[in-house]
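Protein chains: 2
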Amino acid sequence: MITIAVDAMGGDHAPRPEVEGSVLATREFNDIRILLVGQAPVVRPELAKHATPNLPIEIVPASEVITMNDHPAQAFRRKRDSSVHVAARLVREAKADGMVSAGNTGAVMTVSRFLLGTLESVDRVALAAPFPNARGGVSVLLDVGANVDSRPEHLVQFAVMGEVYYRATFGNRRPRVGLLSVGEEEIKGNVLTREVYTLLKKSPVHFVGNVEGGDLFSGSVDVIVCDGFVGNIALKICEGLAVSIFDLLRKSLKSSILSQVGAKLSQRAFKGLKKKIDYTEYGGAPLLGVRGVCVIGHGRSNANAVKNAIRVAAGLARARINERIEQELSATAVPA
Amino acid sequence: MITIAVDAMGGDHAPRPEVEGSVLATREFNDIRILLVGQAPVVRPELAKHATPNLPIEIVPASEVITMNDHPAQAFRRKRDSSVHVAARLVREAKADGMVSAGNTGAVMTVSRFLLGTLESVDRVALAAPFPNARGGVSVLLDVGANVDSRPEHLVQFAVMGEVYYRATFGNRRPRVGLLSVGEEEIKGNVLTREVYTLLKKSPVHFVGNVEGGDLFSGSVDVIVCDGFVGNIALKICEGLAVSIFDLLRKSLKSSILSQVGAKLSQRAFKGLKKKIDYTEYGGAPLLGVRGVCVIGHGRSNANAVKNAIRVAAGLARARINERIEQELSATAVPA
Numbered sequence: 000m001i002t003i004a005v006d007a008m009g010g011d012h013a014p015r016p017e018v019e020g021s022v023l024a025t026r027e028f029n030d031i032r033i034l035l036v037g038q039a040p041v042v043r044p045e046l047a048k049h050a051t052p053n054l055p056i057e058i059v060p061a062s063e064v065i066t067m068n069d070h071p072a073q074a075f076r077r078k079r080d081s082s083v084h085v086a087a088r089l090v091r092e093a094k095a096d097g098m099v100s101a102g103n104t105g106a107v108m109t110v111s112r113f114l115l116g117t118l119e120s121v122d123r124v125a126l127a128a129p130f131p132n133a134r135g136g137v138s139v140l141l142d143v144g145a146n147v148d149s150r151p152e153h154l155v156q157f158a159v160m161g162e163v164y165y166r167a168t169f170g171n172r173r174p175r176v177g178l179l180s181v182g183e184e185e186i187k188g189n190v191l192t193r194e195v196y197t198l199l200k201k202s203p204v205h206f207v208g209n210v211e212g213g214d215l216f217s218g219s220v221d222v223i224v225c226d227g228f229v230g231n232i233a234l235k236i237c238e239g240l241a242v243s244i245f246d247l248l249r250k251s252l253k254s255s256i257l258s259q260v261g262a263k264l265s266q267r268a269f270k271g272l273k274k275k276i277d278y279t280e281y282g283g284a285p286l287l288g289v290r291g292v293c294v295i296g297h298g299r300s301n302a303n304a305v306k307n308a309i310r311v312a313a314g315l316a317r318a319r320i321n322e323r324i325e326q327e328l329s330a331t332a333v334p335a
Numbered sequence: 000m001i002t003i004a005v006d007a008m009g010g011d012h013a014p015r016p017e018v019e020g021s022v023l024a025t026r027e028f029n030d031i032r033i034l035l036v037g038q039a040p041v042v043r044p045e046l047a048k049h050a051t052p053n054l055p056i057e058i059v060p061a062s063e064v065i066t067m068n069d070h071p072a073q074a075f076r077r078k079r080d081s082s083v084h085v086a087a088r089l090v091r092e093a094k095a096d097g098m099v100s101a102g103n104t105g106a107v108m109t110v111s112r113f114l115l116g117t118l119e120s121v122d123r124v125a126l127a128a129p130f131p132n133a134r135g136g137v138s139v140l141l142d143v144g145a146n147v148d149s150r151p152e153h154l155v156q157f158a159v160m161g162e163v164y165y166r167a168t169f170g171n172r173r174p175r176v177g178l179l180s181v182g183e184e185e186i187k188g189n190v191l192t193r194e195v196y197t198l199l200k201k202s203p204v205h206f207v208g209n210v211e212g213g214d215l216f217s218g219s220v221d222v223i224v225c226d227g228f229v230g231n232i233a234l235k236i237c238e239g240l241a242v243s244i245f246d247l248l249r250k251s252l253k254s255s256i257l258s259q260v261g262a263k264l265s266q267r268a269f270k271g272l273k274k275k276i277d278y279t280e281y282g283g284a285p286l287l288g289v290r291g292v293c294v295i296g297h298g299r300s301n302a303n304a305v306k307n308a309i310r311v312a313a314g315l316a317r318a319r320i321n322e323r324i325e326q327e328l329s330a331t332a333v334p335a
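As given, the protein sequences belong to chains U and B, one line each in that order.
0 is the number of the first residue of the first sequence in numbering that gives the first Met the number 0; add one for each residue after it.
0 is the number of the first residue of the second sequence in numbering that gives the first Met the number 0; add one for each residue after it.
It is possible that some hints are incorrect.
Any copy, or any two copies together, can satisfy a pair, since identical chains are not distinguished.
[Stated by the list, open to error] With a cut-off of at most 20 Å between alpha-carbon atoms, the simulated EDC-like pairs for lysine to aspartate or glutamate come out as follows: (1) K270 / D246; (2) K187 / D69; (3) K250 / E119; (4) K78 / E194.
Don't read these hints as lab results, they were simulated from the structure.
Pulled out of the complex, with its shape left as it was, chain U reads as follows:
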């Protein structure tokens, strides 16, 4: 049995999708038990809406709530009984094998980094974002914002952690690792990436060289490494552009009666496309390098996204991802 602590108060629509996602997860996966962490007076009636007599779901009270507007460091210091704090403590005390939150990403990162601590061989944790690629597979970009101003050895650690996560989650034994840069040749890039290139060539990861911005979606590579400043900008560009294109498409399709009829007939195709690029299928972004398993969902997570985040967290716990990261990093001799 794998136990996952779910922050019931985190997302934009909490606690509804968190509770429903937990119910779906326990119904679909036999070996998952949920600790729903949050304000009991809010969470209990929500849970009561579902027919859950025999489901392994338990409410763990937490009196405070971190909002999307809270400043991460302040929330960490001042809201010590928040659902995020309590979930992280459950993981630290081994009462849960992992935690899931769709709350304030910065706050969840800060709280879990400080309460769980980082792994022995890890200097900096990294947030890894999975997304669909053109070959029907998944590519993972990291770091997407746990750090700014990383040193070369940090990026090498990101590469190793990303590789271990990819292997554990997407069933690929030897994922291809690329370094995000501005050209494929070794000499292309900035001071940081040129150093990282040299280090990755000597590392045990399956390093395929520099990749460019377009390779995020080409499927030519499985794990893409970059510093958190670049990765965060990249992630937000993707979200922004996808939303813009669909908005423009919707407006275009409404512009005439003919195209409205056409859109109606094509509805299933649009839905198929939406499902294909639906982030909720990928279940959130793991924070790699903390002592424990922490998966962070999008604030807009629906029940399906929460369910999948729980699935991913359980999978990482089951795969003992942190033991594997420690093993592989101890084999990666990187000068500090």
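Chain U is already provided as a structure; the job is to place chain B on it using the hints.
Chain B only, in chain U's frame:
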């Protein structure tokens, strides 16, 4: 009369779109004269296909051709009679008011930077990429790849150059300038952007603060400043994602007869959308900071894109953009 030197050998389909775009430009704009630079035996028959007896188009011979595979620095040194070299010399010798090329971007930047030189008050040139935003306007991102590893004062110069270019090209007297970062607050960002933030606050540009990746398309800002490493990755992500979404859409729409009929009915809407986000309308990216006007088009430029690049180059020459950049930069006291 404004004279523009057009590299007839540059793009993926040269010289056809270059010649046709030149013909279109001279037909549409009364005050533009074209010098078509390239191998006369190739360019002349292409030009002869158009009814051009009275159009102000002249062929200027250049014996060599820089290909997309040529290494920029090598091409600069070894192909001294390339169409790019000859076009840049025409600008340097004031025989042309500006140049346009859809060739190897790195090579065009290298050749024009060295042959034209940089402006007195500019330390680093910057490549500026215009693209459509969700409000139906245009946003400009710079630098998208003329440099890697920029210093804070370089980004301030990019901001000033971007503002002057925006004003001259898109008719906005006080464009809003944002700094690409990972959060809106002043303290968000990396070492570089935090310093740039402080400098931009004191500068004469209309600085609206940090913006995030999603703001590239939101239209909340007109000019977005970043270093060339980040900007180049951002640009390639946009190109890659847009292509991926349209590919997936096309495949989805072909998946059933019903949706095929629907797509047929919606055809005009799709075309409207495509036109809206069509880069060819924006006429390429100016290389700002060189002594002269240089506009670089996409390798896939069609005749319309070449025509618009010529229009943009003529507009920048007419607006005496470099005098304005020098004026504004001399008013921007930035400690070196």
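Evaluation of the provided hints:
1. Proximity of K270 to D246 under the C-alpha cut-off of 20 Å is found in both arrangements, the shortest distances being 15 Å within a copy and 15 Å between copies.
2. In the homo-oligomer, the alpha carbons of K187 and D69 lie at most 20 Å apart only across protomers (15 Å), although the nearest pairing inside one protomer, at 40 Å, exceeds that limit.
3. Neither within a single protomer nor between protomers do K250 and E119 lie at most 20 Å apart by alpha-carbon distance, with minima of 52 Å and 47 Å respectively.
4. Taking identical chains as interchangeable, the C-alpha atoms of K78 and E194 are never at most 20 Å apart, the minima being 40 Å within one chain and 32 Å between chains.
In terms of the numbered hints stated before, the structure departs from hints 3, 4, listed from lowest to highest.
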